[in-house]
Amino acid sequence: MEKYVCIHGHFYQPPRENPWLEEVELEESALPFHDWNERITAECYAPNAASRILGNDRQIIAITNNYSKISFNIGPTLLLWMKKHAKDTYEAIINADEESKKHFSGHGSAIAQAFNHMIMPLANDRDIRTQVYWGLKTFESNFNRKPEGMWLPETAVDIRTLEALAEFGIKFTILAPHQAARCRVIGEQEWQNVSDAKIDPRLPYLCNLPSGKKINIFFYDGPISNDISFGGLLDNGETLANRLIGCFSDNKEAQLVNIATDGETYGHHHRYGDMALAYCLSFIESNNLAKITIYGEYLEKYPPNHEVEIIEGSSWSCVHGIERWRSNCGCNSGLHPGWQQEWRKPLREANDWLRDKLSLLYEEKAKDIFSDPWKARDEYIRVILDRSDDNVYGFLEEQSCKKLSDEEVVDALRLLEMQRHAMLMYTSCGWFFDEISGIESTQVMKYASRAIQLASYFTDSQLESKYLSILEKAPSNIEHIGNGRKAYEIYVRPSQVDMLRVGAHYAISSIFEEKQEDIDIYCYNVQCNRFEKERAGKLTLCAGEASFFSNITFEEKEIAFAALHMGKHNVLSGLKEHSGNGEFEDLISKMKEALKIEDISTLVQLMDDFFGTHNYTLRHLFKDQQRRVINYIFEEPLHNIIDVAFRGILESNYTTMNFLKEIGTPIPKPLERVAEVTLNADFLKLLSYDTFDLKTLKGVAEDAKRLDIPLDRDAIGLASSSLMDTFFTMLKDKPFEIEILSKINDTLDLLNELKLPLYLWRAQNVYFHLTKDAYPKVKEHLDEKDAERWTELFRRVGERLGVRVG
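Once you know that position 263 of the sequence shown is 263 in UniProt numbering, the rest is easy, because the numbers rise by one and skip nothing.
What the hints contain is simulated information worked out from the structure, not anything from laboratory work.
What follows is a set of in silico ranges between Cβ atoms, one per label pair, in the way DEER data are often shown:
hint	residue 1	residue 2	range
1	235	669	35 to 43 Å
2	496	641	33 to 41 Å
3	356	729	50 to 58 Å
4	580	84	32 to 40 Å
5	729	496	38 to 46 Å
6	482	757	33 to 41 Å
7	333	223	19 to 27 Å
8	757	630	22 to 30 Å
9	85	210	37 to 45 Å
10	598	528	22 to 30 Å
11	757	84	23 to 31 Å
12	630	710	20 to 28 Å
13	586	669	57 to 65 Å
For each residue, glycine too, the CB sits at the ideal point set by N, CA and C.
Make a model of the complete structure from these sequences and hints.
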């Protein structure tokens with residue numbers, strides 16, 4: 001009997017980008033990381049690209065790329081984020097797919113996914129087609145080959161979706177065992193009822209479709225997959241391996257034990273889950289317990305001899321089918337007992353109503369631009385993947401029914417973007433969780449809002465007011481929010497951006513910059529045509545003219561702006577489309593005169609009179625820059641508080657505080673807080689590469705320990721990890737530099753004493769490769785004495801990192 005094991009990981013995060021900026025903004029809940037994509041990359045996506053296998057001494061003996069040994073899909077929107085923001089991990093994933101072909105008879109380990117995780121059975125036929133096509137083209141663009149399989153979001157399936165997969169040449173998909181209705185041996189008449197997860201998941205199945213097309217389906221092993229996700233099976237890689245091997249029967253035919261879980265299970269949901277996975281795969285292979293395979297290879301070797309019919313409108317994460325994404329079915333996170341999800345139905349209805357309205361508008365307006373509007377939408381994925389001017393204009397020339405003017409180019413892109421956001425607003429996470437005001441639900445409302453804004457260029461219909469009237473029927477579980485309409489007003493409307501808002505960001509930022517230049521503000525390009533900055537006392541006035549260009553819709557505006565800083569957080573900015581009639585020059589002249597005498601009331605009145613209602617404050621800065629400006633504003637006050645006042649208090653009371661500790665008397669709370677703020681600030685400053693001072697750092701650590709001062713462990717741990725990344729990058733470039741190695745060793749000794757949560761993944765990677773590339777050659781590069789010193793330090797660093805040498 002041929003035994004095969006296939007492990008599939010569904011790696012996915014919902015698109016988190018601000019729909020107006022096309023970038024993920026700062027997410028406080030992900031601290032100490034910038035956002036959840038960055039955090040989960042550090043905890044899961046990157047570790048799986050270089051996962052550790054430990055020996056009996058708990059030292060790292062091998063590093064392996066899990067992606068090259070398992071079947072996996074990466075959500076297209078996540079993959080595009082990685083390509084831009086986590087390039088090393090992205091490249092490791094792409095390389096893993098290429099490497100996997102050597103293991104799996106020419107078949108790659110990656111499969112595709114429908115584009116933005118839309119629940120396909122709840123989509124209309126047109127959206128199903130586009131989602132499949134966009135997912136396929138994103139895959140081809142990144143992996144440079146056609147996908148054999150495609151993952152369906154939440155494995156939600158119906159016949160229409162399978163028909164779309166088959167139409168585009170997809171060979172297989174993966175479903176949960178309870179999604180099978182009945183099966184039979186191919187060629188036989190009698191069907192066997194396999195509902196309630198009774199299907200044998202060790203076999204592949206053929207699904208014959210009404211059109212005459214066919215698609216293969218694999219059903220994963222439900223109990224094992226569930227225990228990996230929720231039952232602690234990842235606590236031990238050998239236990240996982242034995243559980244998999246124990247699923248084979250005595251049948252002499254080839255069998256496939258296959259499992260499927262969220263990829264984030266391996267590292268994010270379960271810390272070190274990537275290592276359990278790596279050890280499991282290694283244990284199976286090294287002991288010849290089974291052959292590790294992927295679906296494409298297995299399908300080629302053992303085509304199905306059974307056929308299957310599916311349960312329409314079913315999924316892997318809702319026992320009620322697909323109700324979780326349109327009703328209060330009872331499925332939820334379990335984190336908020338007593339909460340209802342009656343809001344799901346109105347949110348679905350609001351988006352469906354908006355989608356249909358936008359479809360009609362698109363057809364009406366796009367027919368005068370494109371030869372085939374819906375084909376143009378399908379092909380628009382080419383632009384999403386490459387927004388270079390040449391590619392955009394090449395796409396428009398190919399799809400348009402005439403030569404387009406500059407205004408028509410903008411209209412064409414606005415219409416297509418309207419359609420893109422009309423699909424993004426169906427990202428499944430918007431309905432998955434418990435509350436309509438949650439970040440997942442408000443994110444899909446933001447996509448709807450952006451689509452409405454784009455539609456407003458083509459219609460006077462009050463789409464937003466009607467959309468909100470439907471959302472008003474969506475009850476919130478939170479009293480002060482009340483309903484979906486209020487959630488929209490609180491969380492969506494403040495996020496809305498137009499060109500003047502981008503201009504306000506530029507203008508206010510200019511106050512805090514030494515000089516203002518041509519820059520990119522997310523997906524907007526700014527060319528500064530004129531800029532003046534003058535100061536008088538505590539007042540700063542900035543004024544100028546700039547051209548603002550959207551890299552998404554090619555919209556362009558000339559904007560005149562003025563920004564006044566009146567100290568601290570008091571900032572006022574005004575903007576107006578520039579008319580070039582001399583009025584703006586007159587305004588600047590009058591404001592300069594008022595500035596000379598620090599006449600704030602006149603300055604504000606002049607701005608109000610000229611700019612009207614288009615006034616902006618620090619509230620209108622985009623989140624990351626807002627945080628930087630606030631830090632700048634508080635830099636001097638915090639310096640005075642921490643480095644002058646608090647440090648003075650700490651130094652003048654230092655011996656007394658030590659005495660209190662010696663006699664077992666608690667330090668007064670105010671003094672303890674002063675020490676906590678001061679010493680934590682010292683840690684963070686000293687752990688920066690530019691200001692690193694190990695001797696002083698040791699003194700701060702000793703003070704914190706002696707006085708029993710609580711540390712901001714997450715922040716200090718992240719700063720320490722970043723410092724070690726810098727040191728190991730230096731060591732990688734100069735592996736035989738003893739001074740660098742000594743600094744690393746001494747710093748690791750201190751960090752080990754502090755028992756901080758460290759992210760040493762990159763450092764371990766560099767070190768592991770040095771054990772292969774540098775360690776055996778040290779005597780070729782250093783004299784005997786230095787080689788002995790280097791070797792001693794290198795081994796000690798390996799002990800600290802938990803990596804075996806030799």
